[in-house]
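Visitor: Please take these sequences and the hints and turn them into a complete structure.
The primary structure of each chain is shown beneath.
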Amino acid sequence: MNGSAPMVIAQRLRKVYHGAGDVEALRGVDLEVRRGEMIAIVGPSGSGKTTLLNCLSGLDRFDGGQVLIEGTDLASMSDRERTAYRCRHMGFVFQAYNLLAVLSAVENVEIPLLLQGTGGREARRRALDMLEILGLAARAQHRPDALSGGEQQRVAVARALVHRPAVVWADEPTGNLDTEVTQVIVELLLRINQQGQTIVLVTHNPLVAERAGRVVKIRDGRIDSQRAGSVVPAKESA
Amino acid sequence: MTQAFLVVGALFLLVFAPLGVLAWRRPLLARFALRESIRRKGQFTLLVVGLMAGSASITASLVGADSSVQTLTSVWTQQLGAVDLTVTNPSGGLFSIDVARRLAADRALARYVDGVQAGLELHASVADLDQRLGKPDVLLVGFDPASQRRFGAFDLGGGRTTYGGELAEGDVLLSTDLASALEARVGDRLRVSAGSGGATDLRIYGIAARKPTRWETRRVGPGAYSGPLARTSYGGPLTAYLPLATAQLVTSGGEINVVRVAARGGSPANGQPARRAAAPLRSALGRIRTATPLVVDDVRVELERKAADTTAYVVGVNLAFSGLTVLAAIALIVNLVIALSEERRPRLAVLRALGLSRAGLIVTSVLEGAVYSVAAAIAGVVVGVPAGVYVAHEFWNAVLLDPLSRISSLPLQLTIRPGTLALGFAAGALLTLATVAATAYRTSRMAISAAIRDLPEPALAPRQRWPRTALLLTVAAAGAGLLIPNDGRARLLGGSLLIAAVAGLARGRLPDRARATIFGLGITALAGITVAAHGSRFVSDLNVQATVLLIWVALPAVGLSIAVAANLRLLDSGLAWLGNRSSRVQAALRPPLAYLSRRPLRTGLAASAFALVLALVTVIAIFVGSGSINHERESAGFDVVAVSSGAEPIHLPQGVEQQVTGRMTLPIQIYSGPLHGTGYIGSSSWTEMTFYVLPDQPRDAGPVALDNLGRRFHTSTDAWQAVRSQPNLVIGPGTSGASPGDEIVVAGKSGPLHLRLAAVPAFAILNGVVASATTVANLDTAPGGSALLLTIRPGSDPSELARQIARAGFAQGVQATSIRDLLDQGFASYLAYATGEDVLLHMGLLVGVLALAMIGIRAAVERRRAIGILRALGYQPPSLLVGLVAEAALLATLGVLSGVGAGLVTGYFFHNAGASSATPFSVNLPRLAIALAIVYGTVVLVTGPLASRAARMAPAEAVRMIG
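Protein chains in written order, with numbering that gives the first Met the number 0: chain A, 0 to 237; chain B, 0 to 962.
A few of these clues could be false.
Unchecked claim - Here are some, though not all, of the chain B residues that point toward chain A, as calculated from beta-carbon distances under 10 Å:
| no. | residue |
| --- | --- |
| 1 | L574 |
| 2 | S581 |
| 3 | L592 |
| 4 | R951 |
These aren't lab readings, by the way, just hints derived from the structure by calculation. We treat Cβ as the ideally placed atom computed from N, Cα and C, and that holds for glycine.
Guide: What follows is the structure in structure tokens.
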């Protein structure tokens, strides 16, 4: 851990899925995410990794505890406020790429900018710039079904970064990719983390997790252990 | 209908029986199909409701037609009474009563007939001197009481019946309709004025009920008899029944003009005995020497034929109207099956990976389709029956409102035949299943590895395509060949084939968007060109008009939908322009617009569902709008029409005379004899037709407005001048279905006389043919009174003047009516008929509405993950809600633009093809506005809640990120 102020603080976080029988997915999780950190959350299936990510990022509500993002209590935010907050300060990368199939690559990337009110031409320019950075300039006008899995995930990363969010949340970003493409995506995430981008990712892949600055292991809804990974945190490297 | 039932029923068994066997032999597939179908209860329900529209529409058409035709046939059957055959003088003249006596005494004939009766049938004006009311054009039916027993007893009410034996000379029975029209009572004095004879005073002995005398009677009683003729489409004239001796007082002679024959074993439902008796009757007649040649008329057989023709026509029209609903339902089904197969693709691919063959996959889909189709067909029949009852009710209402209709006492006879219901069920189920099977075949093609991971289908390796090319070239050649003959239907088919083949051949050579545009605009243009060039031929043939109209409406509706859907990407440019002004609007609208513009097949299908129905709604709105009454024009400058059947001229009271500024008198001549007509006029071995004799002056005007002119006439003036100068030209009867160019062949003094209709009025001010004196002089006719048309001073009340004329002339049986009232009554009848057909159209709108609802639900289900992503990225629920509703509104707008556009094109050309119609082109906007309000109301009411629910979905739940 480095010495910068925590960006996200989770205290005694609890989440229960109500159904035929209640399932307590998170059982009092305490976690801090510092600015510029790259954290990998690992654990067996059903341990609560994705639930934790969803609760921390404001995608999901929780049943107990507290999540403070830059000092603001997530639980006190309305859905509208949380949505607006996600729009301005967060980026997301999902396992199944989750690009909108009917939009081209550049149209997918410019969504967050348009939502923030950036003008159409400016949004298009910045989206193209981001795709060029990620080596996808030539594929900008293609729709997702014309892109490979690795290309789709790079478009998803471009979409997560284009509006310069405070945190990028990535849920199994390499889950659908082969080893070679996984390596490309991990290098990409490392590169942007080196540039100061805070990243929290959930992964099953130990090789991916090992590249993070900190590895948080979760089991049965509780943090089992935390240890440093191989990455030098952005602030320290800077 | 029975044949159709047998064919469709056999087909149903042929299809569903093997499916049942398949389900039994492969229970796994059956189980899978069943569970897939009912997995989502809400979706299943909506799907069944959507699919049922086809069955409901077919059932409603058939039930509506059954009831309408059954009621009409019943009227005609009653009109014929117990009479199966008649003997008449083809020139309409009188003949000796000995003919009837000798036929009755003929032993060879006796085996085939139950009764033979001498009769006299005359048209007269009748006045009730006590009630001071009169009626022209009343049929006096002279009957021989001695033989009436064989033809049934008159039911006088209160358990009293009579065969006429106790009636004294001068006593008369009135039909209930005539009694009602005269407000007559038993004992009232009646004055009868017929033809050129003087007036005869009679006394009302009783009112003869229309109903049968006994329930077991094989025919209805004679109280509804009005002769084996139907001068109007919907029933005979008002009738009075007189013992022959009394009737002969009116003619001042002892002769008769008809012999009525009841066949042995005959019944209203069975014309076979009448057929059997016809030949012996002709033989018997041949053995009798008569001064003039007499003929046997197969009146029962003609009635059967007329009923069959009417059934075919009404079923055809109703099915054509419901045809668009069926087409819309097919578009909905294809859309749904494609949507479902896209959603299930990974699951189905897993089954394929586990060893299920492609054929097995199709069987599974078809079994699932069978569940939907049977459920939908049952629901369709349940909904279709009341809808059909409503259609029939409006049809009958239109009949009763028709100024030519003389029926006031017969209610609609609802007829719901099990065979009809079975036909509706089987047709609906087969329709749904066939569509599901065809679509399932198409969607079952998949690359398993890609489908399991929900990746796009890899491009197929180029295949040998020469068989396909050869086939398309053959189709193109066949299509081109069909363009050569000067036949509208052939050209429509040929052009469609040619365009489809060219679009197919262009695959791979032109972008899909260009191909779709060429195809869509091509068939739209084809429909426009063929209707402009050939429409008038179909306008004059009502039997094919409805079917051709269906094709002409459907082609451009689908064509425009395809063309517009293929080019929706142009809206992206507009959105980009908008984005420079409001990025948030662009963000909100881009995803929904992209879903529409980048899935043109599904967009086109959904838009087509609306477009098909709205196109016909628009055409009907044009028909109604263009048929709206312009009283000033339709009245031809006249305000009051007075008619009398007596020989005396119609006298006007002094007070009325002072108000009159113009008049036209037309003598009436009644033609009795054979009639052969083209088009809807039809043929009859013996009928009566009223001829109004046109005065020589003014040369360029007539008594009625001419809306439908023959092609060679540019103006009404041309037509009137031609009718006066050319003896073979006449003005046709209004609202009879006749069209300009139709031919009427009647018996002339020196052989058959061919008369051609130069024009037809839209409204029946005069109930008959208008012809010059020269033309009428060539026919054997009897005097039938006169018609007087009056123009009155501005500011005078025509209704009041009409009442004064009728009061003053009641003793002559003068009937006077305000022309405005007649026009309003005719238009009300027209509207009632259109309202009935509207039910079938609104079923089509229901399909469109359900298509929107389905798209709303599919959007929520299919795009669950996409909505989750958008929410995660920062879309607020209101923004998503606006987007989803905008998508539905845009889709509906596409359907509206395509449908209304197609309707306007077809309606405009069809209107003009109505033989250089003189009526101005106009659209009934309220009618159209109601349909559009339903469409857009649905967008808000149906998609709003669905979209709201989808938009409020928790993002984490939507993207299913499970740790």
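Visitor: Give me the numbers of the hints this structure contradicts, sorted from smallest to largest.
Guide: none
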